[in-house]
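S.K.: Residue strings, one per chain:
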Amino acid sequence: MSSSHGGAAPTEDPQAQPPPHHHQHHQHRRRRGSAPRPPCAPPGSGTDVFVSMRTDFRAHGGGGPEIRLHGLGLAVTRAINLALQLQAASPGALRLHASTSSDPPDGAAMRPRHNSAIHIRVCREAPCV
Amino acid sequence: MENFRKVRTSEEDSPLPFPDLPPGVVEMKVKEGSKIRNLMSFAMAQMELKGSRQIVFSGCGRAVTKTITCVEIMKRKLGGLHQVTKVRYKTLLEVWENQDPLPGTAAQNLTVHKNVPSICILLSRDPLDPNQTGYQPPEPREAGEDPTSSSAKGLKRPPPPAREELLPKKLQVAGASSPQGSGTTDSQMDGHY
Chain A
1 MSSSHGGAAP TEDPQAQPPP HHHQHHQHRR RRGSAPRPPC APPGSGTDVF
51 VSMRTDFRAH GGGGPEIRLH GLGLAVTRAI NLALQLQAAS PGALRLHAST
101 SSDPPDGAAM RPRHNSAIHI RVCREAPCV
Chain B
1 MENFRKVRTS EEDSPLPFPD LPPGVVEMKV KEGSKIRNLM SFAMAQMELK
51 GSRQIVFSGC GRAVTKTITC VEIMKRKLGG LHQVTKVRYK TLLEVWENQD
101 PLPGTAAQNL TVHKNVPSIC ILLSRDPLDP NQTGYQPPEP REAGEDPTSS
151 SAKGLKRPPP PAREELLPKK LQVAGASSPQ GSGTTDSQMD GHY
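From first to last, the protein sequence lines stand for chains A and B. Mapping the first sequence onto the UniProt record's numbering, position 19 (from 1) lands on 19, and the numbers just tick up by one. Mapping the second sequence onto the UniProt record's numbering, position 188 (from 1) lands on 188, and the numbers just tick up by one.
If you are wondering where the hints come from, they were derived from the structure by calculation, not from laboratory data. Just so we're clear, the structure is a prediction, and the values are computed from it rather than from any experiment. Heads up, the beta-carbon is just placed ideally off N, CA and C, and yes, glycines get one too. One or more hints might be untrue.
[To be verified] Now the stretches of chain A that chain B is said to cover, found in silico as 3 or more residues with beta-carbon under 8 Å:
(1) 66–79
(2) 82–96
(3) 114–122
So that you can see chain A by itself, here it is in the shape it has in the complex (with noise of 0.2 Å):
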């Protein structure tokens, strides 16, 4: 194995194009071990909460009339989790309305595989509209 191929290398040369098989190998990884990522749709206002896997539950804090939490894939029962903790938490005061979509992936892909996702608007009293 090369110098240039090391494992160690911690940056890569952007302009550098990898040999094809390299590149097919890689998107394979980047993949599998993406992170999700938060819907298309870009927030409206400063109170979207884009729960994902990794973050710790109790750090999904929002403030404000409403928020609105978006979890897409996996992060769908976190997300109906945190809502509801929520509205556990000030009884009758707030008010889940729950939508879902189906995120189109980015990019070409030959077989596109769409994404399950929910968004929950957390309302003080009246249901959004």
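Use these hints to put chain B onto chain A, whose structure you have.
M.R.: Showing chain B alone in chain A's frame:
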């Protein structure tokens, strides 16, 4: 806890969180190990062949994602479906048996109440109350979409085109051992990337 073994898990019966639901509505209880193909073939047959107007998908715990996936597939195939989503906790009762009881005493069982997140989604062809919590209107159809192409039989994905990157590895290896040599196979693959 290492002396205990989980014996049984049961769910507490809870009514569906949709008032004014007509009787006889099909409820699809999605489990963690349910196959999406089986669920969708039954659900699509109910909605298309038997002419049901409403259907409910429910799932808890790790089945929540699969539940949403089924709903999204159905919305994409049928189109024009109104949706109401409810999230809540479902109580599971787990019975744990003591495997190492004290001598002279009977084995004691522990009953654990566990709250797991669950989701219930109502899909309806008929319009629903837009003011209720969790209502989601149907998405407008795209211009090139053909609503008549969906059918209960058409659930399977069309066979992928016979391109070389889809061929199984064995075939590629066989090609490498062919008289043309491995260099030919590599150059063919490189051409696609």
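S.K.: None of the hints should be skipped; say for each whether it holds.
M.R.: Results for each hint:
With a threshold of 8 Å between beta carbons, the proposed coverage of the region 66–79 of chain A by chain B holds, since 4 of its residues qualify and at least three are required. Residue count for the region 82–96 of chain A with a Cβ under 8 Å from a Cβ of chain B: 4. That meets the three needed, and the coverage hint holds. Under a criterion of three residues with beta carbons nearer than 8 Å to beta carbons of chain B, the stated coverage of the region 114–122 of chain A is upheld, 5 such residues being counted.
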